[in-house]
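Participant: Chain by chain, the residues run as shown.
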Amino acid sequence: MKVHEFQAKAIFSRYGIPVPRGCVASSAGRAARIVGDLGGKGVVKAQVHAGGRGRGGGIKLVTSPPEAEEFVASLIGSNLVTPQTGPDGVPVKQVLIEEPVGIDRELYLAVTLDRAQAMLVLLASHAGGMDIEEVAAAHPEDIYSESIDPLLGLMPFQSRRLASKLGLAGPAAREAWAVMGAIARIAVELDCSLVEVNPLVVTTSGAMVALDAKINLDDDGLFRHQDLMELQDPSQEDPREAEAAALGISYVNLDGDLGCLINGAGLAMATLDLTQTVGGSPANFLDVGGGADEEKIAAAVKIIVSDPKVTRVLINLFGGILRCDVAARGVVQAFRETGANQPLIVRLLGTNMEEGQAIFRESGLPVAFADTLTEAANAIHQSA
Amino acid sequence: MGILVDAGTRAIVQGITGREGSFHAAACMDYGANVVAGVTPGRGGQLFREQVPIFDSVEEAVRETQPNASLIFVPPPFAADAIVEAADSGIPLVVCVTEGVPVQDMVRVYRYLERKNTRLVGPNSPGVINPGANCKLGIMPGSIHQPGRAGVVSRSGTLTYEAVHQLTREGIGQSSCVGIGGDPIIGTGFVDALRLFDADAQTNLVVLIGEIGGSMEQEAADYIRESFSKPICALVVGATAPPGKRMGHAGAIITGRNATAASKIAALQQAGAKVIPTPADIGSTARSVIDHL
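Chains as they are written, first to last, in our numbering: chain A, 1 to 384; chain B, 1001 to 1293.
There may be inaccurate statements among the hints.
Here are the simulated lysine to any residue pairs, SDA-like style, with alpha carbons at most 20 Å apart [stated by the list, open to error]:
1) A/Lys214 - B/Lys1245
2) A/Lys214 - A/Asp293
3) A/Lys2 - A/Val188
4) A/Lys2 - B/Pro1242
5) B/Lys1245 - A/Leu247
6) A/Lys2 - B/Gly1256
7) B/Lys1245 - A/Leu151
8) B/Lys1245 - A/Thr82
9) B/Lys1116 - A/Asp149
10) B/Lys1274 - B/Pro1231
11) A/Lys93 - A/Leu247
12) B/Lys1116 - A/Leu151
13) B/Lys1245 - A/Gln84
14) A/Lys2 - A/His225
15) B/Lys1245 - A/Gly52
In short, the hints are calculated from the structure, not lab data.
Chain A with its partners taken away, still in its complex shape (with noise of 0.2 Å):
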């Protein structure tokens, strides 16, 4: 789950990070009276779950309470587009306005998964404000890491040792270990996938503020952190990746005219990749998970042929748990109280498939049954 930069900066101050002095508006009005209030100059950042914010214009100096309220009105209510976005882009439906920082040196610091070692890493780099991948790409020599221990937490050592390695000393230094110490407890502490500053400023004055701040968390941890589920921002992700979400289902929006149902993942992401080498065009992907009965089922269906783009329809399922016959219902149900006509391929496989079968056949829906993953393909192709 992704939260927005100004709670993740509200989780930092918790943290005793330093964060610009700042404000969230919701309208136009009140972004002037904040400005008003920062002195008459402040950077006013749109609020949306998606990076590249500056190159899509959504980040913005303003000198004057009427810039500020000219900008924020352009900005809420609008969809920001970003490289990071898709073309129709995410809602604006707030900013942050913070006062201006002067800055003198940009870093970079972040604590996320370590698959290969099953620890949390920090990572720092002194190639703040740029896009971490890339300098990851060109020039890896540039980020520095330190495994974290989850028996031992970060240790002092290792905040010293990369403050040293970024060329940082005296309070300057100081500042970052506690910036670092403090990062490594939020991962830890609030079942995080990720925590970015990008960047990370040293301030003309000296001092250490956390310009920007990211924070993902772990779906799976989320039921330890009541308070931060209530960060949710349904509006920031695909409607009806929200609505799958809610029901338990695993959905991803995709670009072509192929919707999917399919259960399992390894299984979903087969398909897919299986329907592009015949030339189809996955609109989904759709794990509809284990054991899923005749209503969730329905839902899955209901929610792929709600996509305009959804031409047709391919079933691709593996009974195990999940029978066949029951999944069967549950298409035909959809299908039947939707009135969607998109033209079926049906694979099913294992416990009940004939029944399955025949529940399709007797259904008068335009069904082309496959029994093979090969056959299944070949009805894509031909359906193209």
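With chain A fixed as given, assemble chain B onto it according to the hints.
Facilitator: For chain B alone, kept in the frame of chain A given last:
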């Protein structure tokens, strides 16, 4: 022969009284697995299926029934506790089916297990099966399997069943199948499973099924190139996944270059694995490799 489980496996099921635990414990027993005890705190003294004793703790189950494996079905908040309880009681093999275990829990459990002689498979694993020994510890449909000499190792559930189905249709039986789990941090990785298959006299071919996310396939590639002595076919799925999106499995997410399907396929191919061109070609690729043995 085969790996991890065999006719000598004496299993306990942690969470045996839950909906999934009871259903699958019964299915494992019907397949032929020797389930010697169940564990559900607070339900000690009862019997499962009127024959399998249930205990309040793993420690009691170990004392009374001498198991050498545990199959875990407890809900995600209690999975770390269940794994550590099994390891603390000295059980050498723990298979954790539970999906949705918090990553921070697994970070701590993984570190804890480093000083224990317990092998963890999973979490988020469909389990392990040895068809020749009629032993399965997991949730896979037993009926699609057939005894034979191909080893299967995979990060997935239903895609593993698809692979097994294709192999069986080609007349290629399986020595053992291991679902290592779809989570970012898992106990037994590809390399560990390949080591076991390398040492298993029954296995003469391995089918490896990877997916996007992490770098476990690259680690497998390094091991294959340097030490693996048997033919291996490999499929990596998720080529169509957009970056940064979790594709069902918590571990199937593209963050960084190593995590892409293309990068993993290239590494496995360079290491000498026979690349399975599409997910429809698992059986036929294995067949062509066997025919050239």
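Participant: So, for every hint listed, does it hold in this structure?
Facilitator: Structure-based check of each hint:
1. A/Lys214 - B/Lys1245: Judged against 20 Å, a Cα distance of about 17 Å means the pair holds.
2. A/Lys214 - A/Asp293: violated, 38 Å
3. A/Lys2 - A/Val188: holds, 16 Å
4. A/Lys2 - B/Pro1242: holds, 17 Å
5. B/Lys1245 - A/Leu247: Roughly 18 Å separates the two Cα atoms, so the pair holds.
6. A/Lys2 - B/Gly1256: Within the cut-off at roughly 18 Å; holds.
7. B/Lys1245 - A/Leu151: violated, 30 Å
8. B/Lys1245 - A/Thr82: holds, 17 Å
9. B/Lys1116 - A/Asp149: Holds, because 17 Å separates the two Cα atoms, which is no more than 20 Å.
10. B/Lys1274 - B/Pro1231: Holds, at about 8 Å.
11. A/Lys93 - A/Leu247: Given that 20 Å is the threshold and the Cα spacing comes to 26 Å, the pair is violated.
12. B/Lys1116 - A/Leu151: OK: B/Lys1116 and A/Leu151 at ~15 Å, within 20 Å.
13. B/Lys1245 - A/Gln84: Distance ~12 Å between B/Lys1245 and A/Gln84 Cα, so the pair holds.
14. A/Lys2 - A/His225: holds, 14 Å
15. B/Lys1245 - A/Gly52: OK: B/Lys1245 and A/Gly52 at ~17 Å, within 20 Å.
In summary, the structure is inconsistent with hints 2, 7 and 11 from the numbered list given earlier, while agreeing with the others.
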